[in-house]
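Heads up: the sequence lines are chains B and X, in that order.
Take the first sequence: its letter number 19 is residue 19 in this note's numbering, and every next letter is one higher.
With positions in the second sequence counted from 1, the corresponding number in this note's numbering is that position plus 1000.
Hints may contain errors.
So the derived label-pair ranges between C-beta atoms look like this [said to hold, decoys possible]: (1) X:Glu-1157 <-> B:Glu-184: 56 to 66 angstroms; (2) B:Met-214 <-> X:Val-1036: 34 to 44 angstroms; (3) B:Glu-184 <-> X:Gly-1749: 41 to 51 angstroms; (4) X:Arg-1596 <-> B:Glu-184: 49 to 59 angstroms; (5) B:Lys-116 <-> X:Ser-1250: 47 to 57 angstroms; (6) B:Glu-184 <-> X:Ser-1168: 52 to 62 angstroms; (7) X:Pro-1418 <-> B:Ser-180: 21 to 31 angstroms; (8) B:Lys-213 <-> X:Gly-1749: 26 to 36 angstroms; (9) X:Ile-1394 <-> B:Met-214: 33 to 43 angstroms.
Worth flagging that the hints you see were computed from the coordinates, not collected in a lab.
Here the structure is a predicted model, which means the values were calculated and not measured.
Glycine is no exception: its CB is placed at the ideal position from the N, C-alpha and C atoms.
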Amino acid sequence: MSKEKEKDQTQGTSISRRSFLKGVGTGAVAASVAPSVLIDAETAAEAQMGEEITRAKIKLDINDKAYEVEVESRTTLLSVLRDGFDTSGNRVDLTGAKPICERGECGGCTVQVDGKAVYSCMTLALDAQGKQITTVEGLADGDQLHPVQEAFVQHDALMCGFCTPGFVVAAKSFLDQNPSPSHEEIKEGLAGNICRCGTYPFIFEAVKTASRKMGG
Amino acid sequence: MAEKKDYKVVGTRPIRHDGVDKVTGRALYGADFQTVGLLHGKVLRSPHAHARIKSIDTSRAEAHPGVRAVVTAKDFPAVEDKIADLGEGAANVKDLQDNVLAGDKALYKGHQVAAVAAIDPHTAEEALELIDVEYEVLPPVIKVLDAMKEDAPLLHEDMHTDEMGEKSEKPSNIAAHFQHKQGDPEKGYAEADVVVEQEYTTETVHQGYIEPHNATALYNPDGQLTIWCSTQGAFAVRGQVSEILQIPVSKVKVVPMEIGGGFGGKINVYIKPIAAMLSMKTGKPVKVLMSRADVFEGTGPTPGSYVRVKMGATNDGRITAAEAYLAFEAGAYPGSPVGAAAFCVFSPYKVENGTVDGYDVVVNKPKTAAYRAPGATNAAFAAETVIDEICEKIGMDPLEFRILNSATEGDIRIDGPPAPRVGFIETVEAAKDHPHYSAPLEGENVGRGVASGYWPNFGMKSSVSINVTGDGTISLVEGSTDIGGTRASIAMQAAEVLGIPAESVTPTVADTDSVGYTDVTGGSRTAFATGYAAYEAAQDVKQQMIERAAKLWEVDPEEVQFADGVFSSVNGKEQEIDFKGLAERLDETGGPVVGRGTADPNQPGPSIGLHVVDVEVDPDTGKIDILRYTATQDAGKAVHPSYVEGQIQGGAVQGIGWALNEEYIYNEKGEMTNASFLDYRIPTCLDLPMIDAVIVEVPNPGHPFGVRGVGETPIIAPPAAIANAVYRATGVRLKELPMSPGRVLKAMGKI
């Protein structure tokens, strides 16, 4: 291993998420996915003044809808969902997934990618290309809530509700894979999500009810 | 005045009004707020725990492309050194300013020093690196006992101890010392057969609300400031921002968004005034969001503490004297919850001879904020384990001991006032009767412990208005932000009065211009006091509707009765109309009906609980597993029993986290080294058993339905109950929180 690489590895433990992502990308600065329609001329000119910016137009399939978005290599899926714009300047505006720890510690930003629950704060937008992304907003069928959503309401499996979108998606994803789980399996399956209000007992009940509703 | 009757709505479990919004992602929290032309703010924080700020040069940041404004403490208006009544308590306005943006000194790592507004978050973050701050690094002081030493580094060179009303001669980190005393403790100890005295320490812990702080501010050229944010109290934000920026309250409008947890920590302001200052400079809306590390390092946790408790009792189990010495870390500025700790430490018990000394001490940590029964958990950890030791020495069941020594209504407390009625004996009896307490404990290294927790609860001010809708429903406008279901529990109290289902109420949490003054969602006051205001508003509606029925039937209002949702005329046998029917006929009887209610109730009624816990301790690793948990609590009258159970379980979970894992870990430079959810471990579902919540109802005479606040009490007992269980399991008494594996092994003499 070269000296340079050794140095990089020791720094790796304390490196900030931003510089990590910068390392992954190109060290670009300035506007990420801000819409051209909302940026005034001065701003656009300033954005050009930064270092070389590598951006790519990519297509994302979110909740069965195709979005074309412009992203940098460092842009996370969470950031596109919450703050991104498509190339026509329309906001993606899916704020159900929450920015909480932005390090994959809490599960509040959980979405499904190709049927699997992932932390969208730890998923680069580029890596979600060509995959089917489902957010909490995409679970209901029109006004008909998904059985997991119904069960969360019925069992009052939420207090402040901030972790709820992440829990709902994680629970749905878990039940897709394990339709009739035991109590212990539910605990294991949802251990990647944190609820500080401590509603875990009601969440377990909700998952059991949803399992029955889904025919598990 | 509590009515004893069968309620139609109160005590039932309707579906919460905001449930669907919260499971579909539609509910909008502070960070979800968007508006056109938004700028993004980022905050530069002190890398040092204690440093003099010699200079700040912002010129390079200001020149950075995309930067729109930079602010530092120099941008604050001058304020007097005065105390303002804000939020859950009074605060010095200069301290508030200094905490928002450091002036001469940075007093903790993470202290806000400067802020930038730019066209996007990345640009703002880039610009922070271009702000040149010259620091003179000073030695930090982190622990309360170190800070109290004569030669300790001083945080505030001009601070003198308020020694029971007198100012000390020498400057000190001890902001205040107070004492409560009653009877003759020495005489009490002389009468005792056993005397136990022990010392305890607890570390700094955080509320850990998962939604980081957020604020978007827009300042209009006409002087009107609007702030969209999540907060426990929109009016508390209005008051603090008004004082910090010296703007009249009438020029500040705060729009509370949904809030992702608070537990006391979202009352103080940090970035809200900064967003406002950046908007004032740019004329644009500015949004500022904290990261998780910002939250840990820069916002008020609950204090670390040193507590010494001494207690004497006779062999037949009567407490003869008790003393407590409470030294609490206030963080960088005075104002720890040591006063509440002093109030609560012996509250469940009748103590005729006792003293309580409290010390409020500044250290180089973030200024502490409220955290669910602030102060009481630290105090109870000490007092409730000393009681356990006494029970062991005299061979008495710890529940019998509590029943024998329970304070009863009118007993004079050590701090002076008489004890109000609360169901202590009832909660202890409920625990005794619960199958958990008599269940055999099987296996090795297992033990069962108990402890109680007492919290006075708060009343404070609330306003509610009710509009009657033509379809027979009502819209209820309130000022209490809803952290855990209070939309429903408040709506239910109005529905009860009007004889309509809870689903016929549409509750709305309004901004500070759209509802009457309402204090914070805190102090376990919301279902109690805002519920009281809703009761009053509904009574107002009821009276107006009676007048409308009278008009319809051309009789005197006195001749109209209202019962079970139906208006009827006393004389006219056939005249009867339900609430919905009458609501449909408002236009022909005089137009809209709007009810209003305000409350400032002075009898919140304390809350008390008794927890029973079984643990298993791994003698090789020191890890404590919770096997079974039961918590009883007096709720007065549970408006929505599921929510009361949820509060009891949620409080117990936080108490378990505090007991087992949670602490700020500092290095010798005074830097917190575990500012993330990976390293500051809060309980996940893997850490917990089912928690059985048992509701006891001893009505509070200070509320029309007998309601007592319930939210804070359940966090108090867990650390003491678990420590008592660990003793039964291992024969070792833990006197430090958290009882992490390393501390357990050390106490067991294994490392």
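- Task: Take the C-beta atom of Glu-1157 of chain X and the C-beta atom of Glu-184 of chain B, compute their distance, and say whether it sits inside 56 to 66 angstroms.
- Result: At 58 angstroms between Cβs, range holds.
- Item | Range hint compliance [Cβ, Arg-1596 of chain X to Glu-184 of chain B, 49 to 59 angstroms] | holds, 52 angstroms
- Quick one: are Met-214 of chain B and Val-1036 of chain X within 34 to 44 angstroms, going by C-beta? Since Met-214 of chain B and Val-1036 of chain X have Cβ atoms about 42 angstroms apart, the given range 34 to 44 angstroms holds.
- Take the C-beta atom of Lys-116 of chain B and the C-beta atom of Ser-1250 of chain X, compute their distance, and say whether it sits inside 47 to 57 angstroms. For Lys-116 of chain B and Ser-1250 of chain X the Cβ distance comes to about 53 angstroms; the hint holds.
- Query: Are Lys-213 of chain B and Gly-1749 of chain X spaced within 26 to 36 angstroms by their CB atoms?
  - Reply: violated, 53 angstroms
- Query: Should the hint that Glu-184 of chain B and Ser-1168 of chain X are 52 to 62 angstroms apart at their CB atoms be regarded as holding?
  - Reply: holds, 58 angstroms
- Is it true that the C-beta distance of Glu-184 of chain B to Gly-1749 of chain X lies inside 41 to 51 angstroms, as the hint says? violated, 34 angstroms
- Message: Given the hint of 33 to 43 angstroms, is the C-beta distance from Ile-1394 of chain X to Met-214 of chain B inside that range or not?
- Response: Once the Cβ atoms are compared, 57 angstroms apart, the range 33 to 43 angstroms for Met-214 of chain B and Ile-1394 of chain X is violated.
- Message: Quick check: does the Cβ-Cβ distance between Pro-1418 of chain X and Ser-180 of chain B fall within 21 to 31 angstroms?
- Response: This hint is violated: roughly 57 angstroms between Cβ atoms.
The earlier numbered hints that this structure contradicts are 3, 7, 8, 9.
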